[in-house]
Each structure stands twice: as structure tokens, then as C-alpha cells.
Amino acid sequence: MAEYSWILKNSYITCLLPLFSFGMIVFFLRWKEMLSAVFSIAMILLSWVWSLWVLVEVISHHGATYEAFYDFVAFAGFSLQIGILVDPLTAVMLAIVTTVGASVEIYSVGYMKDDPRFSRFFAYLSLFLFSMLGLVVANNFFMIFIFWELVGLTSYLLIGFWFEKKSAADACKKAFITTRMGDLGFLVGLFMLAFFAGTLNYGEVFARISSGLIPAGIVTAAAIFLFCGAVGKSAQFPLHVWLPDAMEGPTPVSALIHAATMVAAGVYLVARSMSVFVASADAAIVVAVIGLVTSFIAASIALVQNDIKRILAYSTVSQLGYMIMALGLYGYDSALGHHSPGYYAGTFHLMTHAFFKGLLFLGAGSVIHAVHTNDIQEMGGLWKKMKITAPAFCIASLSIAGIPPLAGFWSKDEIVAATLQHPVFLVVTLLIAFMTAFYMWRLCFLTFFAPPRDQHRYEHAHESPKTMAYPLVFLAVLAAGAGWVGIPKVAPWFSEFVFHGDVYHPHWSWLMLLSAVVALSGISLAYLMYYRGSISPIKMGQRFKPLYTFLYNKWYFDELYHVVLIRPTLAFARYLWSFDNRVVDGAVNGTAWTTIKWSDIKEWFDTWIVDGAVNGSGWLVRQVGNTLRFIQTGSVQFYAMFILALVVLFCFAKFDYVEMGLERWVLVFVLFVTLVVVIVKILSMLRYRAEPKNTQED
Amino acid sequence: MPAPDGGIVFAILAFVIIVSALMVVSLKNIFHCALALVLCLFAVAGVYILLNAEFLAAAQVLIYVGAVAILMIFAVMLTSKLASRKIRQTNENALTAFFVCVIVALSTIVLITKTDVWRLTDKALPADNIATIGKYLMTKFMLPFEVVSVLLLAAMIGAIVLARKEKS
Amino acid sequence: MFYYLGLAAILFSIGLFGVLTRRNTIGILMSLELMFNAANINFVAFNRYIITDGLTGQLFAIFIVVVAAAEAAVGLAIVLLVYRNWRGIDTDHYSVMKW
Numbered sequence: 001m002a003e004y005s006w007i008l009k010n011s012y013i014t015c016l017l018p019l020f021s022f023g024m025i026v027f028f029l030r031w032k033e034m035l036s037a038v039f040s041i042a043m044i045l046l047s048w049v050w051s052l053w054v055l056v057e058v059i060s061h062h063g064a065t066y067e068a069f070y071d072f073v074a075f076a077g078f079s080l081q082i083g084i085l086v087d088p089l090t091a092v093m094l095a096i097v098t099t100v101g102a103s104v105e106i107y108s109v110g111y112m113k114d115d116p117r118f119s120r121f122f123a124y125l126s127l128f129l130f131s132m133l134g135l136v137v138a139n140n141f142f143m144i145f146i147f148w149e150l151v152g153l154t155s156y157l158l159i160g161f162w163f164e165k166k167s168a169a170d171a172c173k174k175a176f177i178t179t180r181m182g183d184l185g186f187l188v189g190l191f192m193l194a195f196f197a198g199t200l201n202y203g204e205v206f207a208r209i210s211s212g213l214i215p216a217g218i219v220t221a222a223a224i225f226l227f228c229g230a231v232g233k234s235a236q237f238p239l240h241v242w243l244p245d246a247m248e249g250p251t252p253v254s255a256l257i258h259a260a261t262m263v264a265a266g267v268y269l270v271a272r273s274m275s276v277f278v279a280s281a282d283a284a285i286v287v288a289v290i291g292l293v294t295s296f297i298a299a300s301i302a303l304v305q306n307d308i309k310r311i312l313a314y315s316t317v318s319q320l321g322y323m324i325m326a327l328g329l330y331g332y333d334s335a336l337g338h339h340s341p342g343y344y345a346g347t348f349h350l351m352t353h354a355f356f357k358g359l360l361f362l363g364a365g366s367v368i369h370a371v372h373t374n375d376i377q378e379m380g381g382l383w384k385k386m387k388i389t390a391p392a393f394c395i396a397s398l399s400i401a402g403i404p405p406l407a408g409f410w411s412k413d414e415i416v417a418a419t420l421q422h423p424v425f426l427v428v429t430l431l432i433a434f435m436t437a438f439y440m441w442r443l444c445f446l447t448f449f450a451p452p453r454d455q456h457r458y459e460h461a462h463e464s465p466k467t468m469a470y471p472l473v474f475l476a477v478l479a480a481g482a483g484w485v486g487i488p489k490v491a492p493w494f495s496e497f498v499f500h501g502d503v504y505h506p507h508w509s510w511l512m513l514l515s516a517v518v519a520l521s522g523i524s525l526a527y528l529m530y531y532r533g534s535i536s537p538i539k540m541g542q543r544f545k546p547l548y549t550f551l552y553n554k555w556y557f558d559e560l561y562h563v564v565l566i567r568p569t570l571a572f573a574r575y576l577w578s579f580d581n582r583v584v585d586g587a588v589n590g591t592a593w594t595t596i597k598w599s600d601i602k603e604w605f606d607t608w609i610v611d612g613a614v615n616g617s618g619w620l621v622r623q624v625g626n627t628l629r630f631i632q633t634g635s636v637q638f639y640a641m642f643i644l645a646l647v648v649l650f651c652f653a654k655f656d657y658v659e660m661g662l663e664r665w666v667l668v669f670v671l672f673v674t675l676v677v678v679i680v681k682i683l684s685m686l687r688y689r690a691e692p693k694n695t696q697e698d
Numbered sequence: 001m002p003a004p005d006g007g008i009v010f011a012i013l014a015f016v017i018i019v020s021a022l023m024v025v026s027l028k029n030i031f032h033c034a035l036a037l038v039l040c041l042f043a044v045a046g047v048y049i050l051l052n053a054e055f056l057a058a059a060q061v062l063i064y065v066g067a068v069a070i071l072m073i074f075a076v077m078l079t080s081k082l083a084s085r086k087i088r089q090t091n092e093n094a095l096t097a098f099f100v101c102v103i104v105a106l107s108t109i110v111l112i113t114k115t116d117v118w119r120l121t122d123k124a125l126p127a128d129n130i131a132t133i134g135k136y137l138m139t140k141f142m143l144p145f146e147v148v149s150v151l152l153l154a155a156m157i158g159a160i161v162l163a164r165k166e167k168s
Numbered sequence: 001m002f003y004y005l006g007l008a009a010i011l012f013s014i015g016l017f018g019v020l021t022r023r024n025t026i027g028i029l030m031s032l033e034l035m036f037n038a039a040n041i042n043f044v045a046f047n048r049y050i051i052t053d054g055l056t057g058q059l060f061a062i063f064i065v066v067v068a069a070a071e072a073a074v075g076l077a078i079v080l081l082v083y084r085n086w087r088g089i090d091t092d093h094y095s096v097m098k099w
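As given, the protein sequences belong to chains B, U and Z, one line each in that order. Just so you know, the first sequence maps onto residues 1 to 698 in the numbering used here. Just so you know, the second sequence maps onto residues 1 to 168 in the numbering used here. Just so you know, the third sequence maps onto residues 1 to 99 in the numbering used here.
Hints are not guaranteed to be accurate.
As the list claims (entries may be wrong) - For the chain Z half of the interface with chain U, some residues (derived, Cβ under 7 Å), not all of them: (1) Gly6; (2) Leu11; (3) Ile14; (4) Phe17; (5) Gly18; (6) Leu20; (7) Ala61; (8) Val65; (9) Val66; (10) Val74.
What the hints assert, rightly or not - Label-pair ranges, simulated between beta-carbon atoms: (11) B/Ser617 x U/Asn29: 51 to 57 Å; (12) Z/Ile78 x U/Ile12: 34 to 40 Å; (13) U/Val150 x Z/Val82: 22 to 28 Å; (14) Z/Ile78 x U/Leu22: 25 to 31 Å.
Keep in mind that the hints were calculated from the coordinates and are not lab data. Using N, Cα and C, we set each Cβ at its ideal position, and we do this for glycine too.
For reference, chain B alone in the conformation it holds in the complex:
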């Protein structure tokens, strides 16, 4: 094994350079807008050059794999690593991401010129590029998950860049939450792999799966869970609802993230984890079916949309569906032991799609910049006005429609080839290809070639500044020529580079003819309807009114989710809030009420019992005194009598009757009589309530 150059060994620098740019802008360069932009572009261009060098290195090493890692957290039997893995897939991805990234950054200088948060935009873009590049060079599932989440975060920040618009704020939340749901599945898949394979490193996991150490059911389940992440990130059915709304973000964001790179992360994940899908035919067919279904739904919706960016968004979903389907079919066929071109079909299409879709979005941004509207029904005749944008846009449209010899034709052809062994897939794929060609050229005709609908807008339309125009040209070149590395039989370099098995190209000649015919027929139908006007689109719409409404309203997915998921969740949250309110407030109020009641009891106690005792004793004394005061008659005779009586009593109490020889009863009798007499006397006195009764006067 030849020695790897330090460029290759340090290919992680490609992702660190944008991070450095982010840090510099955030801390130092924020206030100098142009400087931020220039710095950011410089960093990404540096990364671009580095990535190309890495690609060349890998090519020269004939597709060898280089891995270097560092055990970040290690405990018995398990370790979390930080490391890089550079193989052909990685190199290709690096090249794609940096190329499109650089183009978009240069384009943004012109597009975001008047935005008050100019430097922040470049900071976010740099952060995103760091995350995406890190995702691509990761060598284990743990690292890719971290960067996966980072990519989601930066996508959120960028979609909601104009957060004053409620629709933008809602859209970025929707994107984040929807992809989060997919990430939940991804995480479960990670846990399963970590538990059953004992490691998260790609190579070790795939080795364990291939050697059959993990039960088949677990492999299938883990594969499907991993695929959940891809479903979320790549906007597959049923988590596709966020991508069209993500168009609320600035157009460069749409071009970079939602066409070329972030959404490709899901496809990248499936491609990277192919060993897992190959080991499980059931998981692979699930992947393929979902890809196909997604592609069909999205293409059908794109037929009737009027917002230029929405059309392109649904187109992205549809093309991603193609890629996922191709990879799934490869996994299925390989699991059953057949050959399939699906792997490199998917990855090849990933590359070409990044270029022409990026170009389409940037061109759309250019058009929007010119006519200040997104609605294609208000555009028209821009071919004459926009001499650079229009041809570039049309080249990209031809490419996506699949017209030879442009890039899209070759990659789409590979995808069709992958479906050959599955007739249903083949028919639907061709139908989708027809629809793709149709709606893309509907867009082109209405925007560029048809007579202008709105004269006012047409008058004011102008070409974009140079910073916006040059990236368009550059991407146009790539959109046209990138496919030439994958021409079967003649120049199958891509497939041989990326794929390590036998390259398989069945029936290539009549297959290519078939795809070309399908594409041309789609374009012709669009030509008839929208340029010539032979078939009236309005009449068609009215004839198929229910279908039209259904497609126009995006198959009512958003409404369905709203009813089934959003409303119950909000209701539950409201219920929890009211419960918390009641319980917490209830507890507080209850405590207060209890305290008040307790102090009321104490007050009652204090008033009635304590005060009662005090007052009562006073009252008692008063009553007794009030009653007994009548003993004081004022009559001396009365006093003297009492004194006498009591003296007699005392004398008798001390009377020594034994010596006297008296019976005891005598003594008692006498005492008793005296006592009775005295008491009766007292009581008779007490009957007086006023002055003693007056007997008659003398």
C-alpha cells in the first residue's frame, strides 16, 4: 500500500476550514460584511481545492480506503470514536459538496446583497458546510449522527433566516420537527447496532453483519430504523412534507441544502450502510418501495404547482425517491444473489442531481430576483431578457428531463436499468420520467418562452449581476458534462470507481433509446400545452377537476398530519398545561386555604377558649361577688351573730368530747345543726337583690 499523502490523511481539514470561517465571522468579522463574505468564500474555495486533491489521490490509489480514528470514549468492550474514512464514495461526496457550496456562496454575495443580516448568512452557510463535510468523512455511526443533527440545526437556522415572516418561522419548525422524527428511528437503529454488534465503526459493523453474527430479524429491524433517518432527512414519504415548505428560506439555501447536499445525506447514509441492506432483502424492498412511492407522489404534485420553487422542491423529492429506489433495488437484488446496477445508479444520480438541481435553484433565484414574484403564471418571455440565466436554466431542465448527451440522461438511464428485473418498478419509473420531463418543461415554457403574462413585471425584468451569473455558468457546464464519467461501455469510470463489484449493464442500447423517447414525449406534451396552446391546460384542469384539486393540494398530506398528529399533540399539551395549572395552583391555593382555615380555627380558639377562660374567670368572680355581697347587710347584729356562730363552731371542732364523756353523735349533731343554721341564714340573705326588706316603719 503506497504511502498516503498528508493531504489525504488530513482530509478532515476540509470540514474544519468552514468551521474556522464560522468562528471568525461570529466573533470578529460580523461587522464587516464584505470581509465576512470574502473570508467565507476563501475558506470554502480552499476546501474545494483540498477535496479535489483528495479525489485525485483516491483515484490514483485505485479506490483504496483510508481510515484513521481516535478512541474518544472507551470503556470495556465498547468505544466511541472520532475518525475519518476516505474511500471513493467519501471523495466524490467531498467534491460535490464543496463544488456546489462554493458556487452557492459566490452566488449569495449578489443575492443577499441588501439583507441586513448579510454576515450572519455567511456564518450559517459556513457552519452548514462544516456539518455536511463532517458527515461525509465520518467513519462511524456515532459521528455521523452528531453531524446529522448539526446539519438539521443549520438547516433550521437557514430556512428560518427571514424569521419575521410567520410562514418562514413555521416552515423551519416544521422541517426540524419532521426530520427529528426520522432521527428518532435512526437513533433506535444506532442503539440496536451498538448493542448487537458491539461497535459503531462502519467497517466492524458491516463485518459482523456479513459474517452472520447478528440475527436476521435484528438486521432487518436495524436496517429499517437506519432508513428512517434517511426518510426524514431526504424527505421521503411519509416525512416529505417539510421540503416544499422549506422553500421559505432564501434561494441559495434552497439550492445548497435542499437540493444538492443535505437531502443527499439520507441517500449517502443508505449508500454507506449498503452492507446492512444487502444482508436483509425485506429491508431493501421496503427502501425501494418507499423510494418509488415518494417519487410518484412528488412528481404528480409537481405537475400542477404554480410556485417556481415549489415545483423544484417536489422535483427534488421525486429525484431523491429515484436514488433511494435504485439503492433499495440494488440491496434487494444483491440479497437475492443477483447483480444490479442500483448502487452506482443511485450515487451517480446523486452527483448529477446535485449539479443540475443546484443550477435550477440558483437560476430560479435569478428569475425571482428579476421579476420579484415566485408565481410562474405571472412570468413569461424572459428568454429575451435574461441572456445568461435562461440558457443555463434550460440546459439544467434538459438534463433533468433526461435528454442525451447531458448528464441527467446517463444517470437516469442507470436508474431505469436498475429496475429492469422488476416490471412494476420499471413501468412506474418510466411514467415518472415522463412526468418529470413534462413538468420541468411546463415550467420552462411558461417562464421563458410563453408570451409575458404580466407586462409590468416583464418591463422591469433584468439580468442578474455577475456574482450571480457566473456560478450559473459554471454549474451549467457541470450539469452538461458531469455525466460523461459514467457512460456505460465507453467510459464507465464512475461505476468502476465507486463500486467494488462487477459492473452490470444489461440491454443498454434499447434502454437508452426508451428513456430518450419518454423524455422527448414529455417535453412535446408540455410544448403543445404551454407554448403552442393546442391543448388547453385550463380545459384539462376542468375535465379532471377532482384529480386536479387533489394534486394541487399536495394529496392533502399536511391536512392529514394536522388532524392526526398536530391537533392531538396540541390538545394533549393543553391538557397537561391545565392539569399542571390545576394541580400546582391547586396545591398552592390549597396550602393557602389550609393555612387560612387553620388560623381561623386558632382565632376561634383564642377568642372563645383563651379569652373565654380569662373573661370567664372574671365573670365568675363578678357573679360570685354579686351574689355574696348581700351578706354585708350593714347590720352589726348580723355580723356579731355570725362571729358568734363561727366561734361556737371552732370551739366544737376542738372539743374533746371523750374526756367529757359525751357521745360522739351529740357532738356531730350539734355541729351539724350549727352549720345548717348558719348556711340557711346565709342563703336567706342571698335572696335579697335590693335593699333588705323593710319592715314597717317605727
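Dock chains U and Z against chain B, hints included.
Chains U and Z in isolation, oriented as in the chain B frame:
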């Protein structure tokens, strides 16, 4: 119990004393009470004679009957406007006082009769009563004699002062 | 001797009853005289039967008589005063020594 010395005379005198005493305390007409008092005092003098105290008997009659009782009668006449009216003379304490006094009397009598402390002698009293009294007044009882005379003087003056007419 | 003492006791208690009971103030004074006499009888009886040398008892009785006379005089003078001021000598009306 041996017969009292004096026999029947004592019995009659005792009866008179007690009856007249009862009349003193209970008669409605205050004048009748005064007269009863006189009778009582006479009878007491008779008892003194029985007890060989002749001079005392004479003094009793002289002083008590002749002065005090007369004084009382004078007072009665001076203070009662309604001497003839029959009004109740006892106040509301009568019943209780009655009981108490009965008990006092009974207890005293019991006390007297049951005591064995008295040692009666048979020595005779000095025969010449007056001379002996006079002798003792001047010797042994000199101080009380003088004090009593001062007391009499004071009483006399006091009575006069008290009873004199208001200077209006 | 006991008879004399008994007689004195009875006389004393009768006099006591009168003191405690009589409504007429002069009646009280009269009852008081009875009590004095009872005491006198006691003194003389003791003199006759127990201590016979020296006529102590009799002398004492004389003193008592004299003092009783003085006291009667003063007492009646007071009664006269009371009669003058309060227009009556009914003891039921003498209720000053109270609340």
C-alpha cells in the same frame, strides 16, 4: 345532783330571773321591757344575797335599778313616739340567733356539769362584807378604784357632750 | 355551785339572743345589761365556792356594775343622738357599714 344551796328560794329567784329576762328580750312594748328589766335586776340582787354578797346586792339595787334602769326608761320615753303601737321587736335574724344561743347555753351548761376541775371549798367568807370591801378598795384594788372614778367622770362628760343640743 | 353557773349561762344566752335580735336599740342595751348581770353572778358564785379568801369576786362584780352604768349612760347618749339625726332607732335602718 345535790340540791342548790338556798333550796326553794334559789329556785324561785332563778325562775323569776329567767322569765323576766325572756320578757326583756321579747316584749313588743319597749316600756314593758324596761320594767321587766327592773324585775330581773331585783331578782339578781336576791341571788347575790344568797351568795353572801350583801353589799353587792345593795349596790346592785342602788346603781342598776335606781340609776341605770331609770335612765333607760327616760331614754325610752325620749325616743319612742309610738310607744303604744305593737310592732315586731325582733329582726330577721331571730331564728338563727335563737338556735345559736340555745347551742351556746347548752354547751356551756354541759361544759360546766361535766368538768371535774372545780374544787369546791367549804371555807367561809369573811363575815363583815362592807368593811372588807372597803379595806380592799383602798389597798389591793386602789388602782382600779381610781380608774373607775376617772371613767365615771369621763362618761359623765361624754354623755353631756353627746346629748347636748345642736347650736344651729 | 353548778346551779348558779347554770343560771348565769342561761341568763347570758338570753341576753345574747336579745342583743342579736332586738330591733330597738335601747332593747339591745337592756339585753346587754342582762349579759353583764350574768357575768356578775358567775363572779360571785366562784368567789363563794372556790376562792374565798379576799372578796375578789365581789369586788370585781362591783367594778363591773360601775362600768356598766357608765357605759349605759354613754350608750343612751349615743342613742339620743342617733334618734335626733335619723328620726328612728330601728336597727333595721342601720345599714351604713356595708357597700
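Results for each hint:
1. Evaluation of the Z/Gly6 hint against chain U yields a held restraint, the C-beta minimum of about 5 Å falling below 7 Å.
2. Here the hint on Z/Leu11 is kept, as its CB sits about 6 Å from the closest CB of chain U, short of 7 Å.
3. Evaluation of the Z/Ile14 hint against chain U yields a held restraint, the C-beta minimum of about 4 Å falling below 7 Å.
4. Using the Cβ-Cβ criterion of 7 Å, the hint placing Z/Phe17 at the interface with chain U is satisfied: the shortest such distance is roughly 4 Å.
5. Given the 7 Å rule on beta carbons, the hint for Z/Gly18 holds: about 3 Å separates it from the nearest Cβ of chain U.
6. Because the closest C-beta pair between Z/Leu20 and chain U is about 4 Å apart, less than 7 Å, the hint holds.
7. At a threshold of 7 Å, the smallest CB-CB gap from Z/Ala61 to chain U is about 5 Å, leaving the interface hint in force.
8. Interface hint status for Z/Val65: upheld, as the beta-carbon distance to the closest one in chain U is roughly 5 Å, under 7 Å.
9. Because the beta carbon of Z/Val66 sits about 5 Å from the nearest beta carbon in chain U, less than 7 Å, this interface hint is met.
10. Of the supplied interface hints, the one on Z/Val74 holds, with its beta-carbon coming within about 5 Å of a beta-carbon of chain U, less than 7 Å.
11. B/Ser617 and U/Asn29 have their C-beta atoms about 53 Å apart, which keeps the hinted 51 to 57 Å range intact.
12. For the pair Z/Ile78 and U/Ile12, the supplied restraint of 34 to 40 Å holds, since their beta-carbon distance comes to about 37 Å.
13. Range check, U/Val150 to Z/Val82: Cβ separation about 26 Å, and the 22 to 28 Å hint holds.
14. Taken as a hint, the range 25 to 31 Å holds for the pair Z/Ile78 and U/Leu22, whose Cβ atoms sit roughly 27 Å apart.
Of the numbered hints given earlier, the model fails none.
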